[in-house]
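J.: Each chain, written out:
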Amino acid sequence: DVKVTQSSRYLVKRTGEKVFLECVQDMDHENMFWYRQDPGLGLRLIYFSYDVKMKEKGDIPEGYSVSREKKERFSLILESASTNQTSMYLCASRSSQGSGANVLTFGAGSRLTVL
Amino acid sequence: KNQVEQSPQSLIILEGKNCTLQCNYTVSPFSNLRWYKQDTGRGPVSLTIMTFSENTKSNGRYTATLDADTKQSSLHITASQLSDSASYICVVINNNAGNMLTFGGGTRLMVKP
Chain Z
1 DVKVTQSSRY LVKRTGEKVF LECVQDMDHE NMFWYRQDPG LGLRLIYFSY DVKMKEKGDI
61 PEGYSVSREK KERFSLILES ASTNQTSMYL CASRSSQGSG ANVLTFGAGS RLTVL
Chain F
1 KNQVEQSPQS LIILEGKNCT LQCNYTVSPF SNLRWYKQDT GRGPVSLTIM TFSENTKSNG
61 RYTATLDADT KQSSLHITAS QLSDSASYIC VVINNNAGNM LTFGGGTRLM VKP
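Protein chains in written order, with our numbering: chain Z, 1 to 115; chain F, 1 to 113.
Just so you know, these hints were derived from the structure itself, not from any lab.
All C-beta atoms in this analysis are idealised placements derived from N, C-alpha and C, irrespective of residue type, glycine included.
Keep in mind that a hint or two might mislead.
Covered, in the sense of this in silico footprint (three residues per stretch, anywhere, with C-beta under 8 Å from a C-beta of chain Z), are these stretches of chain F [unchecked claim]:
1. 53-66
2. 70-83
Pairs of lysine-lysine, DSSO-like flavour, derived with a Cα cap of 27 Å [claimed, not checked]:
3. Z:70 to Z:18
4. Z:71 to Z:18
5. Z:3 to Z:70
6. Z:13 to Z:57
7. Z:3 to F:57
8. Z:57 to F:57
9. F:1 to Z:3
10. F:1 to Z:55
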């Protein structure tokens with residue numbers, strides 16, 4: 001059973017703290033994504049990566065950075081967490097080839113609260 | 001600008017009743033459309049995918065339709081169950097090199113006993 005695993009389901013952090021959200025996929029997918037999901041706003045793309053060490057800004061990259069040192073792992077970093085970054089964070093991956101390019105597999109989500 | 005609009009925003013129905021969720025899009029060029037179900041506190045899970053040539057596709061009690069001319073899709077749920085309570089998200093994929101995805105805001109469905 002293929003999986004996208006997010007390391008933390010729930011986190012509570014203080015303003016100004018550095019936060020790491022880890023995501024690992026076991027499907028050998030080239031493409032990985034980080035979204036945040038907020039009520040009334042749907043899913044918004046923060047960053048994505050087409051390959052190892054490659055990253056592209058999504059629609060709302062401000063306040064975030066990412067790291068993709070290995071194909072299976074895509075990390076989202078909040079250098080200095082702020083209260084407006086309280087949200088549900090969803091990691092996803094997909095193949096870049098054939099019909100797999102149409103299938104986005106999501107992790108279970110990481111709910112971050114910044115106090 | 002590529003957009004996906006879903007309606008209604010939320011819906012409450014009684015167990016056993018049917019319901020229909022709507023998705024209108026302006027994404028171009030169109031590749032395919034996918035419906036996801038997201039249980040509370042979980043990540044979205046794919047229900048069905050609709051390509052340009054498909055009008056109707058069923059997955060158990062879920063039936064999706066697509067009208068590529070009017071750029072509308074619907075998800076019909078038959079004989080609803082309590083476990084159908086979730087958010088339903090419509091996602092449209094571009095038919096370009098990036099295969100970019102555009103998400104709708106979702107419809108939150110609550111099925112009551």
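J.: Now look at each hint and say whether the structure bears it out.
T.: Now the hints, each set against the structure:
1. 53-66: Violated: only 0 residues of the region 53-66 of chain F have a Cβ under 8 Å from chain Z.
2. 70-83: Per the Cβ count (0), the hint is violated.
3. Z:70 to Z:18: holds (21 Å)
4. Z:71 to Z:18: With a Cα-Cα distance of about 23 Å, the restraint between residue 71 of chain Z and residue 18 of chain Z holds, given a limit of 27 Å.
5. Z:3 to Z:70: holds (16 Å)
6. Z:13 to Z:57: With a Cα-Cα distance of about 24 Å, the restraint between residue 13 of chain Z and residue 57 of chain Z holds, given a limit of 27 Å.
7. Z:3 to F:57: Holds: residue 3 of chain Z and residue 57 of chain F sit about 25 Å apart, inside 27 Å.
8. Z:57 to F:57: With Cα atoms ~35 Å apart, residue 57 of chain Z and residue 57 of chain F exceed 27 Å; violated.
9. F:1 to Z:3: Distance ~32 Å between residue 1 of chain F and residue 3 of chain Z Cα, so the pair is violated.
10. F:1 to Z:55: Between residue 1 of chain F and residue 55 of chain Z the Cα gap is close to 23 Å, so the pair holds against 27 Å.
Figure legend: structure checked against the earlier numbered hints; hints not met, in rising order: 1, 2, 8, 9.
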